[in-house]
Structures are given as structure tokens and as C-alpha cells.
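Can you make the complete structure from the sequences, with help from the hints?
One letter stands for each residue in the lines below.
2 protein chains.
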Amino acid sequence: MRGGVWTGGEAMTYCVGLLLNAGMVLLSDTRTNAGLDNISVYKKMFTFEQPGERIIVIMTAGSLSVTQTTIARLHDAIDNPEAEAESVLAAPTMLRVAEIVGNTLSCVARDVAVKLGSMSQNASATMIVAGQRMGGGMRMFLVYPEGNFIESTADTPFLQIGEHKYGKPILDRVVSMETSLSDAQKAVLLSMDSTMRSNLSVGMPLDLCVVKEGEMSAVTRRIEADDDVFHRMSADWSNALRDAFTDIEI
Amino acid sequence: MRGGVWTGGEAMTYCVGLLLNAGMVLLSDTRTNAGLDNISVYKKMFTFEQPGERIIVIMTAGSLSVTQTTIARLHDAIDNPEAEAESVLAAPTMLRVAEIVGNTLSCVARDVAVKLGSMSQNASATMIVAGQRMGGGMRMFLVYPEGNFIESTADTPFLQIGEHKYGKPILDRVVSMETSLSDAQKAVLLSMDSTMRSNLSVGMPLDLCVVKEGEMSAVTRRIEADDDVFHRMSADWSNALRDAFTDIEI
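So the sequence lines, in the order shown, correspond to chains R and V. With my numbering applied, the first sequence covers 1 to 250. With my numbering applied, the second sequence covers 1001 to 1250.
To be clear, the hints were calculated from the coordinates, so they are not data collected in a lab. Any given hint could turn out to be false.
Residues of chain R placed beyond 10 Å of chain V at every Cβ, according to the derived structure [as the list claims (entries may be wrong)]:
(1) Ala22
(2) Gly23
(3) Tyr42
(4) Thr47
(5) Ala83
(6) Ala85
(7) Val114
(8) Met134
(9) Arg139
Pairwise CB distance ranges, derived in the manner of DEER restraints [what the hints assert, rightly or not]:
(10) Ala235/R x Ala1083/V: 56 to 62 Å
(11) Gly1117/V x Ala235/R: 52 to 58 Å
(12) Ala154/R x Met1177/V: 40 to 46 Å
(13) Asp228/R x His1231/V: 38 to 44 Å
The beta carbon of each residue, even a glycine, is placed where N, CA and C say it ideally should be.
This is the structure we're talking about:
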């Protein structure tokens, strides 16, 4: 936003995923805009599930036309097994799932960029792809607009997309592979809370997803703007930070 | 750094200034690079002082060639009162000081951009200009690369340049116009601490400057990498945050 330059849809999003020994915890906001005067709620978290067999969770940041079309094409490939496109539910590994998502994403972005011509710099998106299939371990990838990706590791057990900086300090301080799923939910919610306080364009409601290791299923929950637990936690955290600040000696 | 793209010198900097009822507190890091394999210490905080009459503090982020030349030209104008360039020490108001700095900055950036040709996107810088002259109030400005600027207000009593997002949540939570100069120093140091933890390219030593309201003089202090007080404060803050996190109930 420096000098009034609006940096496109991606700044209107914050998604974070944690890959821990106990499982995976993912959180996304839902605010999307098409210009500052057209702000809406759009889901940015999508689950592809064969309970007990395979779970895939995808979170998206960036151009809504690119992310919607990418997700639609992934669904098409699942619904039409005869078609040429490869289904993420049939892919032999999570690595292959990340490749399919990356290829689909970069193809869609290219198609949209051609249509948009000179405005093509806005036609991109980034995604977090997390999942586990029976017989394999949990894996989590950050897929770049060009389709390449990086993977979450023990050294960096979390991935973020969109407006990621405000919410990173707390993750750096409290998250490790050993973090419990309960603490992990706390961590991502407080990370989101810091982000929403510093950037008004990231907003409620939130989508929270917990995937326990080895269960190949997801428990998702929408946290609405009037969620009591979230607001109490946010207020408690504010008070605790202020108290901690007061107690520090210089 | 997404996809390996290095975003230029500005990301290697964090400077923050607070304008409070009691005075002004400014903090900058000192790390500069010319390529990842050439990292050095360069001062990013500059004071122009006529004790009891006028104090001006400038902090810089961005291309080192642009910021050094801009500061050099400001000094030249002070040293050569016969020259055409206007001296910041002779300017009638702090607003005029901000204009002089902005004009000098945009001129230098244009000159450097012409020399660099197609690489001109890197030849820019941003500055924080803070000060007070006898008979006037304290004022603090963020000067953009193009020379225009915004001013710190009671609603937003702090300005940041460079890698500003990691260190903003704590400022949002604890800083107001009523904050004491002692708490203000704590706040900027902890804000810097969060930034250095999340971005290794922002680094020690630090330059801290305190300007008391109405005194028209600055007390500056360099905080070296082995500063005991800073490290104790950083460790205390980490522990306090972890304890606070543990105590929050979900």
C-alpha cells in the first residue's frame, strides 16, 4: 500500500498451515475483494477427502479468478476419470498431488494472463497443499504461481501464504514439531489475530481445519465474526502481552 | 524473497520512530548488503543538531548509494550557505525540512536511476525525518522515494520503514501518545527483536535515539551485538510470551 499503490488480491488473504508430529492444523481467512468497494466472503480452504484413505486440504491466496478456476479444474479431473487431467484423489503420492496442483495453477494463471493482457501481473495465486494418503506420511507444500513448490520440514514446520509477516513472530516463538494439536490451534488463531489487527483487509470469518496423523480425515470449523471463544482468546492474549510488556525491565 | 527473487536493499533494513507527548524515540538497524555475500555495517541514522535550537533525526532505508548521496547533499547545503540548495538547519519549519529532504531524495534517486538504466527499480529509498525547532512542536514524517511524505499523528504515533511488518503487531498493542520514553524504548527494541528473529537480513548493532520534548537535542546510543541489557530483555520477552501463550485457554 506504499504511496497508495494497491498490491492486488493477495494482500487480502492470510493462510497458515502447521505440519506437526501429531497432525496438521490449517487456518484461512475468507475476505476477498474486487476493488476496495466490493468486499465479500469467499472460502479459501478446500478439502478433498476419501475418509480413511486420503485427505487433501488446499488453501489459496491471490487472484480469485485463478484460484476458483484451479479448484474447479481439480474437481473436474476427479469427476471425469476418463479425461486426460490427473485426479488428486488418484495420485500415487502427496508429491504428485503437489505437482498436479502446481501444473493446474500455472496453466490457469497463463490462460487468465493471456485474457488480461497487460494486467497479467495480477493474475497469479499461491497455494498451500497439505495431506496424507494411506501408507504415506503427512506432507505440506507451498505452491508458487509458476507451479514450483517448497515443502514444510522439521526445521520449518509451518507454511504461510498471503499477508504472512504480521503473524510470523508468534509462530517463530511457539511452534515446533512437538507442539500439540490444541496448542497449534491456539498458535494459528493468535497468528491470525495479530494479522487482522495490523491489516484490516484480512478478515473474519475464519476456516479452521485439523487433520490428525494417520486418520486421513479432516475436522473443519468455521469461526464466525461473533465467535465468543475467539474473542475471549484474543482479549486474553492482548492483556497477557500488555502485562508481559509492563513487567519487562529495560 | 518469494521464488528466490531478492527485493533489493530495502528489505535489509528496519527503522522505527515514535512521536509521543514526552518526546521522540527512534531506532534503526545497521545492516546493509551489496549482494548476499557482501554484508556490512552502515549507519542508517543521522542527526543534525543545533543544541537548544533545533534537532533533526533522519533514518534511511533503501539503496545505499541513494541514501548516502542524499545525506551528503544535505550536509553540503548546510556547509555552503551561499549555495542554492536550502539547508535543513535554516529551514523555517519542520514541514519545510521534510520538503527539502523529499526533494533531495527524489533528485538523487532520479540521477542514480539514469545511470543505472534498466535496473532503476532498485535506485530508491525511503526516509523517516523527525525533529523539533525552537518555538515549534515535534514532528515526524515518512518520506517516500518520490519525495512526497506522510506525517505521524495522534492516531498513528509511529512510523516505520524497511522490513516493517514483523515488528508492527507489538507497536499496535502497546504504543500510544501517552507512552513514557522508557516504555517507548522498550517497545522499539522489542519490535526490532521480533523483526531480527523473523528476517536474518536485519541485524545488530542498533542505533537508538531519544529526543525529549522541548530540549532540541538528541541522546543517541549504539547497541552492540553483545549488549547484555538487550539480550536479557529479548530473553525475558521470549519467556514472557511463551508463558502467556501457555496460559491462554482455547
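Results of checking the hints against the structure:
With a minimum CB-CB distance of about 15 Å to chain V, alanine 22/R clears the 10 Å threshold, and the non-interface call stands. Here glycine 23/R stays apart from chain V, with its beta-carbon at least about 15 Å from theirs, past the 10 Å limit. Its beta-carbon lying about 22 Å from the closest one in chain V, tyrosine 42/R satisfies the requirement of being farther than 10 Å from that chain. The claim that threonine 47/R lies off the interface holds: its Cβ sits roughly 22 Å from the closest Cβ of chain V, which is beyond the 10 Å cut-off.
Distance check on alanine 83/R: its Cβ is at least 30 Å (rounded) from any Cβ of chain V, clearing the 10 Å threshold; non-interface status holds. For alanine 85/R, the shortest C-beta to C-beta distance to chain V comes to about 25 Å, beyond the 10 Å cut-off, and the non-interface label holds. The claim that valine 114/R lies off the interface holds: its Cβ sits roughly 21 Å from the closest Cβ of chain V, which is beyond the 10 Å cut-off. The claim that methionine 134/R lies off the interface holds: its Cβ sits roughly 30 Å from the closest Cβ of chain V, which is beyond the 10 Å cut-off.
At roughly 20 Å from the closest C-beta of chain V, the C-beta of arginine 139/R stays outside 10 Å, upholding its exclusion from the interface. The hinted window of 56 to 62 Å between alanine 235/R and alanine 1083/V holds, with their beta carbons roughly 58 Å apart. Judged by the Cβ atoms, the range 52 to 58 Å given for glycine 1117/V and alanine 235/R holds: they are separated by roughly 54 Å. Take alanine 154/R and methionine 1177/V: their Cβ atoms lie about 45 Å apart, and the range 40 to 46 Å holds.
Against the hinted window of 38 to 44 Å, the Cβ-Cβ separation of aspartate 228/R and histidine 1231/V comes to about 40 Å, which satisfies the hint.
Violated hints: none; the structure is consistent with every hint.
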